[in-house]
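Use these hints to put chain B onto chain A, whose structure you have.
In order, the protein sequences belong to chains A and B. Going by the working numbering, the first sequence wraps up at 275, each residue one higher than the last. Going by the working numbering, the second sequence wraps up at 292, each residue one higher than the last.
In case anyone wonders, no lab produced these hints; they're calculated from the structure. One should not assume that every hint holds.
To be verified - Selected chain B positions facing chain A (Cβ under 10 Å, derived; list incomplete): (1) -11; (2) 29; (3) 30; (4) 40; (5) 43; (6) 65; (7) 67; (8) 70; (9) 76; (10) 80; (11) 85; (12) 88; (13) 89; (14) 90; (15) 149; (16) 152.
Said to hold, decoys possible - Output of the computed footprint for chain A on chain B, the stretches with three or more beta carbons under 8 Å from beta carbons of chain A: (17) 47 to 53; (18) 230 to 241; (19) 247 to 255.
Note that the structure is predicted; figures quoted are calculated from it, not measured. Glycine included, each C-beta is placed from N, C-alpha and C at the ideal position.
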Amino acid sequence: MSTTTTFADLDLSGTTRPPTFRLVKVELRKMVDTRAGMWLMITIAAVTLIATTIFGFAGHDQDRTFYNFMQFAGAPQGFLLPVLGILLVTQEWSQRTGMVTFTLEPHRARVLAAKVYAALLVGLAAFVIAVAVASLATLVFGGADPWRELGAVDFAKFGILQVTGILQGLAFGLLFLNSAFAIVLYFVLPTVFSILFNTVPALEDSAPWIDFGTAQGPLSEVGNLSGKEWAQLAVTAALWVIIPFLAGLWRVLRAEVK
Amino acid sequence: MITLEHVSKTYGGFKAVDDVSFTALPGRVTGFLGPNGAGKSTSMRIMVGLTHADGGTATIGGHRYADIPNPGRHVGVLLDASAQHAGRTGREVLALSALTMGLPESRVEEMLTLVGLTEAEARRRVRNYSLGMRQRLGIANALMADPSVLILDEPANGLDPAGIHWMRSLLRSYAQRGGTVLLSSHLLHEVEMIADEMVLIGRGRIVAQGTKAELLQTQGTFARAEHPEKLAAALAEAGIKASPSGDGGLRAECDPLDIGRVAAKAGVVLAELRPAEGAGLEELFLELTADDARETVTTEGVQL
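Chain A with its partners taken away, still in its complex shape:
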């Protein structure tokens, strides 16, 4: 075979594919370069502060522990960070920016990986902020012995709760490729399942094995999870995060971008 290149051939030796860290940087930037994105970030930060402050003033003396402050800082984040994940994916379709994004990097899995990394980095930042705000609140408002009942596992549990939320948001975004649809279903589906599994007697026993919300319950309680509870968490996470994520990935890799 001849290796000579004609004028009509492209010489590709001068370029390498965009490194992952650069794609992650792009995705991080996309989160804050619109008013909606910027306000979502500001809201997450503001609500974290406000929730802990309210609890600092209103909570009972014996409740004002670091552990509880962290719960209060984390709850609104757990609510809003998944929305960030959803929008990061769905904007490529709802706003049709995918036509540019996926021509500049045609390997869609690389773009999606960058979105996952970017969302997790923001989750990590939110975690650090929540811990910092909770520490500060404990110093200012802390009741008697505010650092009690605290172990490394509590940070891990808190982190797992946030990470699964973000990943679930990304998964729902990938699966539905539509901002409004994905956000509504993200909030409605788990609620419907929780109600169903906690009111229908026949389903109650299987609830922690199927309903993600039920299985996540122990993550917000004091102390480590039992082996069974970890197993239930893993099974429901597979059902509500991993399977939707894989199905969404399969869809996006095949979808026509227009």
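Coordinates of chain B only, in the frame set by chain A:
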């Protein structure tokens, strides 16, 4: 160079792109012409991998698009000027692309200047842009890395006449430097003005291709008479087949002299007698659009 070989794409039972093959050469502006819904955009999306073809291959410079590392550096693409986040500023749209391709941010300012978007316009959000401004932004995005191949879908859409003139000189100088330019349009005259080569597509199939000169070359003679019906009758009598064309004119597959002689003999006063210019292409184009058009249009005009 862009090469399509037997590319096909079917949606349900509808063949959007049907065995399409053509080549866009370096140093040339190739116009991809066809009515709306003829398969232009689908073909272009297949070229850059946004749509997967059911059959056939599309390569750019000998490579599948997906195999080109950092493809934005080699291939400038504008498929839909409206496909931009409405909430981003024009400058931010370009900055994101520059970052992805690894270009310095200074390139953003250069491109804004090149496409004529002012400082104030660049700070506005895309939702407040006119279609013409979005096209300029999209062209800036495509040209940013100074690629050697350009793929532009309806780039002149929404541009004012000055804008079209500007784009024509831009693309021409681009091709003169050895670049490959493929642009689509549903307007014959637009492509005629800009392109060197033409590829005509209708209902998913290529119906004609060649250089502009080849496709627009003289085919027969155009004549316009004071009394068209008299000329038509005289030509029929002389055995020359003529068909109506343009404002009361006639087109015939013969030498201008033949018509002149018939007219002189019949005493018909001619207002115009010249080699027909590319009427064949226009007729072909109208024929392609006829089935989808809401009006019955012939080269004579709208039939009531």
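Checking each numbered hint in turn, tell me which of them this model violates, lowest number first.
5, 15, 16, 18 and 19
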